[in-house]
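A.B. asks: Residues per chain, in single letters:
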Amino acid sequence: MSKQKRIASKTPFAPKIGSIVLQTIILGIVLAIAYLLFANTQQNLSAKGIKSGFDFLWEEAGLPIGDTLIEYNPSRGYGYAFLVGILNTLLVSFLAIIFATILGVLVGVSRVSNNWLLSKCAAIYVETLRNLPLLLTLFFVYTVVLAALPHPKEAIEIAQGYYLSNRGVYLPRPIAQQGFGIFLSAVAVALGVGLFFWRWSIQYKHRTGRTVSGFWGGFAIVVVISSLAYLAAGNPVSSELPIYKGFNFRGGLSLKPEFTALLVGLVIYTAAFIGENVRSGIQSVHAGQIEAANALGVPRGVVVRKVLLPQALRVTIPATTNDYASLVKNSSLAVAIGYPDMVSIGGTIIGQNGQAVEIIAMWMAIYLTINLVISFVMNIVNSRAQIAER
Amino acid sequence: MADKTLTFKPSAARPAPSTQIKALAWLRSNLFGSWFDTLITLLISAILISFVPDLLKWLFIDATYSGDDAICRINGGACWPFIGDKFQVLMIGVYPQDLAWRPAVSAIALILLAYLTYSNRLRGAVLIAAWFILPIIALFLIRGSFGMQSVDQSSWGGLMLSIMLALVGVIVSIPCGVMLALGRHYGSPVTKVLCVTFIELLRGVPLITILFMASVMMPLFLPAELVINNLLRIQIGMILFSSAYMAEVVRGGLQAILKGQAEASLSLGVSPAKTVAMIIVPQALRHVLPPLVGRCIALFKDTSLVIIVGLLDFLGMIKGAALDTAWLGFQAEAYVFAAFVYWAVCYSLSLYGRKLEQRGPQSNR
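Line order of the protein sequences matches chains A and B.
Under our numbering, the first residue of the first sequence carries the number 1, and numbering increases by one thereafter.
Under our numbering, the first residue of the second sequence carries the number 391, and numbering increases by one thereafter.
Take these hints with a grain of salt, some might be off.
[Stated by the list, open to error] Derived pair list, reagent style EDC-like, types lysine to aspartate or glutamate, alpha-carbon separation capped at 20 Å:
1) B:Lys745 with A:Glu127
2) A:Lys256 with A:Glu358
3) A:Lys120 with B:Glu653
4) A:Lys48 with B:Glu615
5) A:Lys256 with A:Glu71
6) A:Lys306 with A:Glu291
7) A:Lys256 with A:Glu240
8) A:Lys48 with A:Glu358
9) B:Lys664 with B:Glu653
[As the list claims (entries may be wrong)] Which stretches of chain B does chain A cover? Using the computed rule of at least three CB atoms under 8 Å from a CB of chain A, they are:
10) 413–426
11) 429–436
[To be verified] Beyond 10 Å from chain A on every Cβ pair, some chain B residues (computed):
12) Ile439
13) Tyr455
14) Asn465
15) Cys566
Read the hints as simulated data drawn from the structure, not as lab findings.
These numbers were taken from a predicted model, which means no experiment stands behind them.
The beta-carbon is built from N, C-alpha and C at its ideal position, and this holds for glycine as well.
With the hints as extra help, turn the sequences into a complete structure.
C.D. replies: Here it is in structure tokens:
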């Protein structure tokens, strides 16, 4: 029996008789240290008169928050303030992931481009951004680039209703009018029909061998039905333009400089890493594969879609999953430029009531949850990409 | 039947087609291959022309190299005397000026050691020993031990502090990471669970929360009599954080070592402990040298976060200098200088990493 176990075990170092004793001792030491730390903490907390437990979450916070997604006022509880922070973290991370992916793919594709100028520019971008601390990039964007923008009075107008100023970026705010619900449901139906058409086209191709351009067909269906619905519902979305009044803009959608700086910093920093993943993914596909496809007369777009991408994605996706996770963790640098994310708000709470243990436990729990969700979603995406391998 | 010999007369050689002339061919294939390429080339050129000359003008041509802020304001370009004025504080913080030779000597020794490492003059055990001993000597020197005038840690700062945090962090966290990786890869179930929990917990949260924990919570954990100063607490926090990442890198190396290595060693009668220490770990580390260098770069960049918990490292000093009222309005110069320094350190490290990668894991370094 023990011989079999020895062969079956993964490592050549098979467990010995003493090992159980040793494991018990190790576990005992770790538990003892943990208990010691716990006892110390209890003693120190009571000596300093700091309460413990999560009751403080319902106490009145009294802390003002500059940038909130949901209705907030300082008379709400600490727990609610922390929730505002969580939502801010999620918002900035979500937007940054989307923009960083788009920019990162562009950078990665540019790096392997035949165009010398383009690939050199992309290389300089990657080598610069990757070798600078994110915090420095954030400070630079926040105090040098955004601060150099003009006062709202002379704000740069990109298009009507879009303004850049040192107090923030101002955009028109879309407002749902009557009939917006009808429009939304029509769009949902259109998406369903479009997807169904795409699915059908693939099956049709498998059955008959004839090609129907399902993706573009489906896309066209969605666009046509949606725009018809938009017209039928009678302009269901109107926009509220920001207007300069007093010393600042009123109305519209405003992005505070802190938010803009954090978003821009995270996007340009992470895009450099994603760009490298994309580049290494593309370069991992053997050149012979592309040449073979070209030699068979496969159209260029199809070569990219059917030969290059499926194989490149297998290398790119796992590395990019890690970069998404780092991006979420890096969003905690918000505290350095004063964007009220959950670390920033949590830090303020620690300063007010000293309940560091609870706050840090909440931070850890939430970051771990976010990271688990990201790796769960990306694992699904990844398994879809890996299926192409037979 | 005319017996006539035909002599072959080659016609005169045509000039090479334009696609073959060197410069033109290069231009055509690299910049103007298709209408799309041409469009991109023109677009990028337009963008570059719109800001690069202005940037160079600001950085060098209009820049002031000596004088004071008044001259800078007249010239309008970058103000480098500002950096010169702040240089000492950026490098060593508020470390006493008359003792500045101590960090200077340490820095020269460090640069020398880095050069010897990069040029491959030091190898094996000597190299590793040197990297362990140098920081210890430097720390004693900078702190002022053995009857020298001692300098309190609260006055350490600037680039010196950043490099110190990173160097000590790397040197301590690699052995810790190796232990954790061994525990995770070869350990008994209990050790494995403990190691995995530690690694995943630390990798799952941002460094800032670890630093907050080290700075705010660690005093609560420890008995009231045991007081550790803020710098050391933060250093411990960075080491714990870095160890978890190092462990994952080393684990990759352990997975690359074939089982036969350990079996061969054990069958020769080498003890398991020696097998791990002398056979497995050295080979595993050699496999993962490039990613280990990558982790060093990341740790050096991460040291900039300590300003959030109140240490004044290089970036902290830069931020302070940018707010100095005597030199108001020159923060761009401060950040450009900071970017240059961080970039130079990180880029040279990454060059070293690339060099190691080319050398490959099999070569005898």
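A.B. asks: For every hint, state whether the structure bears it out.
C.D. replies: Okay, the hints, checked on the actual structure:
1. The suggested pairing of Lys745 (chain B) with Glu127 (chain A) holds, with an alpha-carbon distance near 16 Å, which does not exceed 20 Å.
2. In summary, the hint linking Lys256 (chain A) to Glu358 (chain A) is not supported, as the alpha carbons are separated by about 30 Å, beyond the 20 Å threshold.
3. Our distance criterion of 20 Å between C-alpha atoms is broken by Lys120 (chain A) and Glu653 (chain B), whose separation comes to about 49 Å.
4. For the given pair, Lys48 (chain A) sits about 14 Å from Glu615 (chain B) by alpha-carbon distance, which is consistent with the 20 Å threshold.
5. With a C-alpha separation of about 17 Å, the suggested pairing of Lys256 (chain A) with Glu71 (chain A) holds against the 20 Å cut-off.
6. Between the alpha carbons of Lys306 (chain A) and Glu291 (chain A) the distance comes to roughly 14 Å, so the proposed pair stays at or under 20 Å and holds.
7. Taken as a hint, the Lys256 (chain A) and Glu240 (chain A) pair is honoured in the structure, with Cα atoms around 18 Å apart against an allowance of 20 Å.
8. At roughly 16 Å between alpha-carbon atoms, Lys48 (chain A) and Glu358 (chain A) fall within 20 Å of each other, so this suggested pair holds.
9. For the hint linking Lys664 (chain B) to Glu653 (chain B), the alpha-carbon distance of about 13 Å falls within 20 Å, and the restraint holds.
10. Counting residues of the region 413–426 of chain B whose C-beta lies closer than 8 Å to any C-beta of chain A gives 4; at least three are required, and the coverage claim holds.
11. Evaluation of the coverage hint for the region 429–436 of chain B: fulfilled, as 4 residues show C-beta separations to chain A shorter than 8 Å, against a requirement of three.
12. Interface exclusion of Ile439 (chain B) from chain A stands, the closest Cβ pair being 12 Å apart, more than 10 Å.
13. Separation of Tyr455 (chain B) from chain A is adequate, the least Cβ-Cβ distance of about 21 Å exceeding the 10 Å criterion.
14. The Cβ of Asn465 (chain B) sits about 18 Å from the closest Cβ of chain A, beyond the 10 Å cut-off, so the non-interface label holds.
15. Every beta carbon of chain A lies more than 10 Å from that of Cys566 (chain B), the smallest distance being close to 16 Å; the non-interface claim holds.
Hints 2, 3 from the list above are not met by this structure, while the remaining hints are.
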